[in-house]
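Each protein sequence line maps, in turn, to chains A and B. For what it's worth, our numbering labels the leading residue of the first sequence as 118, then goes sequentially. For what it's worth, our numbering labels the leading residue of the second sequence as 118, then goes sequentially.
Hints may be right or wrong, so weigh each one.
One copy or two, it doesn't matter: identical chains are merged, so the pair holds either way.
What the hints assert, rightly or not - Simulated pairs of lysine-lysine, DSS-like, Cα-Cα distance not exceeding 30 Å:
hint, residue 1, residue 2
1, K316, K503
2, K185, K293
3, K262, K316
4, K313, K450
5, K404, K450
To be clear, the hints were calculated from the coordinates, so they are not data collected in a lab.
Protein chains: 2
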Amino acid sequence: MISPKRQMHLNLFLLSTGHHETSWRHPATTPELITDIHYYTKLAQMAEKAKLDSLFLADALVLTPAIKYKVSAGLEPFTMLSALAMGTERIGLIGTVSTTYNEPYNVARMFASLDHISGGRAGWNSVTSVGDVTAVNFGMEQHPKHEERYERAKEFLDVLKQLWDSWDDDAIIADKESGIYSDFDHKIHPIHHEGKHFKVRGPLNICRSPQGYPVLVQAGSSEAGMNLAAETAEVIFTAQDTLEHGIAFYANVKQRMQAYGRSRDELKILPGFSPIVGVTQAEARDKQEQLTQLASIELGLVRLSNLFETDLRRFPLDVPLDLDALPSIDQVKGQKARFQMFCEMVQQHNLTLRQLILRTASARGHYTVAGTPEHIADVMEEWMTKEAADGFNVMPPYFPDGFEDFVKLVVPELQRRGLFRTEYTGRTLRDHLGLKRPAGKLVLPV
Amino acid sequence: MISPKRQMHLNLFLLSTGHHETSWRHPATTPELITDIHYYTKLAQMAEKAKLDSLFLADALVLTPAIKYKVSAGLEPFTMLSALAMGTERIGLIGTVSTTYNEPYNVARMFASLDHISGGRAGWNSVTSVGDVTAVNFGMEQHPKHEERYERAKEFLDVLKQLWDSWDDDAIIADKESGIYSDFDHKIHPIHHEGKHFKVRGPLNICRSPQGYPVLVQAGSSEAGMNLAAETAEVIFTAQDTLEHGIAFYANVKQRMQAYGRSRDELKILPGFSPIVGVTQAEARDKQEQLTQLASIELGLVRLSNLFETDLRRFPLDVPLDLDALPSIDQVKGQKARFQMFCEMVQQHNLTLRQLILRTASARGHYTVAGTPEHIADVMEEWMTKEAADGFNVMPPYFPDGFEDFVKLVVPELQRRGLFRTEYTGRTLRDHLGLKRPAGKLVLPV
């Protein structure tokens, strides 16, 4: 008897008109619908019909000048996911929420609420946000430094777990006869947290949710990000531009988990993956070429100026990019891992600024494959077999057609190969991902 | 030709198992469903079928010991209203959000998002929260003082309006040909707010919503609350225990509006109104008696101890309440208007503590009427005619039956009398309330 293949997990990264940064210019997209919840509901239902584990929303607490050249201001994650919960039944709903510009009590409560509303399908991608541009919307001059943000993020998560555990699962009695509603004295606990960044009495003002905690997701791939993920995350979204980088990252993070006494299975690594699907290889290439034609150099300059924390508009476009004119990795305040990846890309291929813009316009540095369903499934299988991934964060280049191609052509191919479920077997996002429900105080020794 | 009667506005105050504080003990209620969104969806649909203007969620950022004796921890307003938006099409969705324990940028964005999701049905009941018990969940020892909270609330609202206006209505161009998505340079505006409490650069990261601003609601009935409402609110929820008090409050607030250059119609005053409906007067009285039997003295002591900011558990239950043992109105930090109303009630009727508990258990001091549909409609019509109300904040004693009685028996009676709509004529909550959409920067002189 052949042992069954390791099952992959698939998440839909839902983003306005798509992941190619000028996808809104593609004839198939409808940028006028990016604040229309029914547009997203249809995409979520498409993902659920294909039995994907979850969908995911990124987020930023700032509007940047990039809005001049691209769609970038959409619905807020909590409100949007709660609405999507009503149009779907099984698919997980993962939202990005910043630990830098929110109060832990409010965030703990909103996730518990979303988890109740969705019947146990909530996930939290915690981020520390980027840039002084965000700070100035929240009364600060400067964005806190990388280390301080991560320190705060860790304490934030700690507070949230305590709040989510502040009600035992059996705290509610609701005995109409006696008039006792809850065992407030024994089964609902103030947390009395007093840390460097937060002081929170608790308990939370909502009972424990179906999953106990939302699934804990992280996307930071810097040193601090990898350590925090190895210690606390249950899912990692990461950008890996080659299979080799993917294998190295996967081994690195799973290795780090040991130090925290965690087993490898408790964390699923999902690299970003942008599929451009054609019935033939030629069709796929045509689709890719059409997208490249839509790319905007102006927009690329804005995007890379942000990433490199340098105004690139005065740089020549068609000579190899001068890396010495950029800050060093230590000086960078924002996305350190992405910064490093792009510098290596330039170095390795001696890219001009224009080439770097075009190469990264498709999915901001995430792995992009154009090909037939079989070819794309081959690549995905290889990443699974060689342990570069536990599944993928699927980033369709444009919606809805680019995603429809994936669910109609690639997913069935993955299912035929026995790599992906043909039916949901559980109800909650933790069920889909094979993650345990945190026990809570109820069964812990006091 | 007779001129049509002034139309009343009706809001459903949606609250767990109902407004009688021990409604969860009533045989018809289902306290096990208070975190089940489908339970609330059915109630919202019932309200929409009856053509109510809106539904409303109260909120608190703390769990109090009252949870021992009553249902009080439910879903968070933004997540819950977004979900309810998907199960309804016309009814307004009003959520309570604190200006004391939130960041203005986040709140502005969530309301804009909810307004987009609901197609222009969002309303914001802004509160300043109550008590040190809340402060300790947010890193503070003490709740800010009344005046400081109101000062902050006013600035908070000012920031939100600026953020909601930071995109002109026609800022999005989305020209696929040229690649220009928005007129960032001319029609999207940073706000550069620098005040005593907040410093916010902006612009908001979501385009202007269908209503421009959510409908602005307030519930404070203290001096500071009335002034803020007269200056800025579009709807007031208020507790008035007699018709005479209602008339005085109505005249008082509408009078104050003049000083701010506002017309009386720009603000709708909706007193709380708890109807106990019986087909006969005797049936109504039986229903009321059944509720009183369920009241809990322990719970009443907790509730009134909070309001009076005094531990009442050592007070005798069956002698007239000693008002001199309570703090003076100036010393009270929390709900000043409610404090005063209850003191006057005690004084006027020489109430014992037990009597005060039972009398206010039905709807926490809001006007309660038990009677036939005709009698209840008579009372409502009288409040309208005598200018004590522009409509009502309907607080059913228990859900769903207590509300179903109201929509099946009282609403048709109001419609027969020409006092309430039989169909929605507009799409947005502003339409239902006859409120203008704020113009935004677009048509203002710069």
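Hints and how they fare:
In this assembly of identical chains, K316 and K503 lie within 30 Å of each other by CA distance neither inside one copy nor across copies; the values are 45 Å within and 50 Å between. Only between protomers do K185 and K293 lie at most 30 Å apart by alpha-carbon distance; the minimum there is 12 Å, versus 59 Å within a single protomer. Taking the closest pair of Cα atoms, K262 and K316 come within 30 Å of each other both inside a single copy (21 Å) and across two copies (20 Å). In this assembly of identical chains, K313 and K450 lie within 30 Å of each other by CA distance both inside one copy and across copies; the values are 22 Å within and 29 Å between.
When the C-alpha separation of K404 and K450 is checked against a cutoff of 30 Å, the pair qualifies neither within a copy, at 36 Å, nor between copies, at 65 Å.
In summary, the structure is inconsistent with hints 1 and 5 from the numbered list given earlier, while agreeing with the others.
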